[in-house]
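*Asks:* Got chain A; can you put chain B on it based on the hints?
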Amino acid sequence: MNGLTRTKLTITFWLCAALLSGCGQGEVKHFNTDDYPKALSDWGVIELQGEHLKVNDSAVVYDLNTALFSDYALKLRTVFVPNGESAGYHPEDTFAMPVGSIISKTFFYPKDSQGRLVTTGAWQGDPKDVSTATHQLVETRLLVRQIDGWDAVSYIWQGDEAYLSVAGKLQRFKLTNDKPLNYLVPSRNQCASCHATNHTTGEIRPIGIKSRHLNRTTDLYQENQLTHWQSKGILKGVVKPPAGNALWNDPDANLNHRARSYLDINCGHCHNPAGAADTSGLLLDYADHPKLVMGYCKPPIAAGRGSGGRLYSIVPGHPEASILSFRLETNNPAMMMPELGRSLVHNEGVELVSSWIADLEGECI
Amino acid sequence: MMNLNAIKLMSILALSAVVSACSQGPEQAPELSFQDSFRQALETATSGDVITVPEGTFAFDRSLILNTDGVTIRGQGMEKSILSFKGQIAGAEGLSVSASDFTIEDLAIEDTVGDALKVNEGNNIVIRRIRTEWTNGPDVNNGAYGIYPVQTTNVLIEGNVAIAASDAGVYVGQSKQVIVRNNRAEFNVAGIEVENTIGADVYQNVANNNTGGILVFNMPSIPQRGYATRVYDNDVNNNNTANFAAPGTAVSGVPAGSGIMVNSNDQVEIFNNRVADNNTANILISSYFSANYAGQRTLAAEFDPYPEEILIYDNTFSGGGRAPGFDYLVQLKNAIYGVDGAFPDIIWDGIIDPNKPEEKPVICVVNGDALLLNIDAGNEFENAGVDMQKHNCTVAKLAPIELAGT
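In order, the protein sequences belong to chains A and B. Under our numbering, think of the first position of the first sequence as -5, with each following residue one higher. Under our numbering, think of the first position of the second sequence as 690, with each following residue one higher.
Bound conformation, chain A alone:
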């Protein structure tokens, strides 16, 4: 072998190695909090290959029964658990995940031929169907299980890569009705506004990695997600999981179950007994709270203009008199709920909650 050939071979090997390890087709990589890479693809969890999103083979795609409304964005979720390890099941709480676990959530929209975002898009949950030719990628958020707890970080898509964002950003898009969309990519601290579900400890935790949000058979795997996670070896200890939350838009599901599921994921991260909004005395997580605490005939505490001039959180039978409906119907940032994560009104969600309130019995005297 002459020198030239050897050099060629070496270079070829190097190029392959660089491609494999550097661009995420190999293993998922872990980075410490002070050492996050600028490019999302360096994590190896998710990246663009040509026009298409590619999820690492060792990460599992999953979906929630009812998800947080985020300005009609579609979301691709993945979970990665280090090889040989697994998450510990819990019937109510977030699963205990080993150090090195990475959860990703990619926000995207279908777009029309003029690049305007479509808010009515449907997607069956397969990453392969997400293409930059037909979709606008917006951001990918990671939750990374570090030694001292979970940490949150966002990457903003620009061209064929997503780049680290610490301070967050207001992204300005146009919708198909030509109205603007001011999409807020959260800052790191804003991630904690929702993910520090225990506001006293301030500890960041995944919200969706709970039995009630996952317990469902999805189209993608044609099997129950909890079963799927177990068969992949990333979840252990599942014993008789309680029924999952409803799909908020499932016409066959019970109205109360759908509405409580919707409030649970959209409000319960703050409106829970230890959450940032326990100051309001209004608890909307899916637990067995007294009616007053759930808002029945409950006057506001410090809602300011957010009361919309209405007297009680929930007036049974009367969504038009209930603060809860008002908070969802407005998109004024001083008055709307949730406070973060939307600039549009989720009309279908409003309809659900209002139908539920209309269906409740009782009166406020």
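Quick caveat, the hints were computed from the structure, so don't treat them as lab data. Treat each hint with caution, since some may be false.
As the list claims (entries may be wrong) - Below are the EDC-like pairs computed for lysine to aspartate or glutamate, each with C-alpha atoms no more than 20 Å apart in a straight line:
id : chain 1 : residue 1 : chain 2 : residue 2
1  : A       : 122       : A       : 106
2  : A       : 163       : B       : 744
3  : A       : 163       : B       : 750
4  : A       : 23        : A       : 79
5  : A       : 285       : B       : 750
6  : B       : 775       : B       : 738
7  : A       : 168       : A       : 106
8  : A       : 168       : B       : 750
What the hints assert, rightly or not - Below, a sample of chain B positions facing chain A; criterion: calculated Cβ distance under 7 Å:
id : residue
9  : 728
10 : 778
11 : 780
12 : 799
13 : 802
14 : 803
15 : 839
16 : 840
17 : 908
18 : 911
19 : 937
20 : 938
21 : 1092
Beta carbons: idealized from backbone N, C-alpha and C, even for Gly.
*Replies:* Frame of chain A, contents of chain B only:
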């Protein structure tokens, strides 16, 4: 050799292309504006950081947020370092803080869409010489609270200026061990409001030209019941601004012309204040039931809607009581004191706990010739009248608040 070098060069180019595709960010951004560097500093803060705001007016279109303990934010003065949120399109606050050992001083927060400065849960909070203002003046569309610590402990709020909040200029909620002093609150619905708080000293403040000057309230259905507040050495004048709160809010039930107001709270000491020309009354004491917002609502069983152990002494009163802020109070005033007359300095709704009528003194007044009118709101004002003998009592005085670490 040419060939080899060419291959090497190409390979290096190819490699660097791969590397850059994988890990390089967009081009290095030009030097950050103050807005961006300030946000970056808040997002990446570590304990012990002092983040400074230079002289100037800096515009923000979305909330600022801090979650790190032990941070100080320091401007050059409340008229010099101005964070302006005019036209804000995202976030419910101007600056939102969830942290302990937090100090903020010498800057202004203007025209936020919601609350100006909110500190939610934390110990050892100092808010000093901050101005929160809606520069357009009183308006229902202004943000609710200016300075808003909630669920905080060991809190010092001093030397601030709070103007034109559509709820309260300074609002201390569900907190413990609080000192509110040397502040000026004007043209808010509530100037200074202490709510569901245990242990607060409110002194040497100026609360003029609000709808209500200084409020000590308890609200139901929240984790902490408040008691033990001292309100003293304050100037509370001309709180006659028409109520511009959103209907349905607690303070929308405050009649214009309220000087110092206690609602549903216990152990409140009001002394040495200079209280003048508040057109409903210089002092109002009421139960939850007669607050205009209450109606007859379902109350949690553990909630105590009655004010008890209120001690009023050595205040200087003048004027006031001539033009109450609610029609029913105007009619009552006219019926008892005539069209040209005035309510006395203190009015009380007279509603007491039916289960323990004689157990604790409700209101003790040791204040020269100042009179208290019981309007008997629980019996359609039937026996409204003054009987100072009933208020000739005393209760143990509260100890001063001493903040840890000062």
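*Asks:* Hints first: check each against the structure and report whether it holds.
*Replies:* We went through each hint and held it up to the structure:
Under the criterion of a C-alpha separation no larger than 20 Å, the hint pairing residue 122 of chain A with residue 106 of chain A is consistent with the structure, at around 19 Å. For the proposed pair residue 163 of chain A and residue 744 of chain B, the alpha carbon gap of about 25 Å is over 20 Å, so the pair is violated. Proximity of residue 163 of chain A to residue 750 of chain B is assessed by CA-CA distance (about 10 Å); at most 20 Å being required, the pair is judged to hold. About 15 Å separates the Cα atoms of residue 23 of chain A and residue 79 of chain A, which keeps this hinted pair within 20 Å; it holds.
Of the pairs offered as hints, the one joining residue 285 of chain A and residue 750 of chain B is violated, with about 38 Å between alpha carbons and a cut-off of 20 Å exceeded. Taken as a hint, the residue 775 of chain B and residue 738 of chain B pair is broken in the structure, with Cα atoms around 28 Å apart against an allowance of 20 Å. Between the alpha carbons of residue 168 of chain A and residue 106 of chain A the distance comes to roughly 11 Å, so the proposed pair stays at or under 20 Å and holds. At most 20 Å may separate the alpha-carbon atoms for a hinted pair to count; residue 168 of chain A and residue 750 of chain B meet this at roughly 19 Å.
Residue-level restraint check for residue 728 of chain B holds (minimum Cβ-Cβ distance to chain A is 5 Å; threshold 7 Å). Given the 7 Å rule on beta carbons, the hint for residue 778 of chain B holds: about 5 Å separates it from the nearest Cβ of chain A. Evaluation of the residue 780 of chain B hint against chain A yields a held restraint, the C-beta minimum of about 6 Å falling below 7 Å. For residue 799 of chain B, the suggested interface contact is broken, since its CB lies about 15 Å from the closest CB of chain A, more than 7 Å.
Annotation: interface hint on residue 802 of chain B holds; nearest CB of chain A at approximately 4 Å, less than 7 Å. Interface hint at residue 803 of chain B: satisfied, since its Cβ lies 4 Å from the closest Cβ of chain A, which is below the 7 Å cut-off. Interface hint status for residue 839 of chain B: upheld, as the beta-carbon distance to the closest one in chain A is roughly 5 Å, under 7 Å. Hint status for residue 840 of chain B: holds, given a least beta-carbon distance of 6 Å to chain A, under 7 Å.
Nearest Cβ of chain A to the Cβ of residue 908 of chain B: about 5 Å, under the 7 Å cut. The hint holds. Hint on residue 911 of chain B holds. Least Cβ distance to chain A is approximately 4 Å, under the 7 Å limit. Interface restraint check: residue 937 of chain B against chain A, minimum CB-CB distance 4 Å, threshold 7 Å, status holds. For the restraint placing residue 938 of chain B at the interface with chain A, the shortest Cβ-Cβ distance is roughly 6 Å, inside the 7 Å limit, so the hint holds.
Because the smallest distance between the Cβ of residue 1092 of chain B and any Cβ of chain A comes to about 21 Å, over 7 Å, the interface hint for this residue is violated.
Of the numbered hints given earlier, the model fails hints 2, 5, 6, 12 and 21; all others are met.
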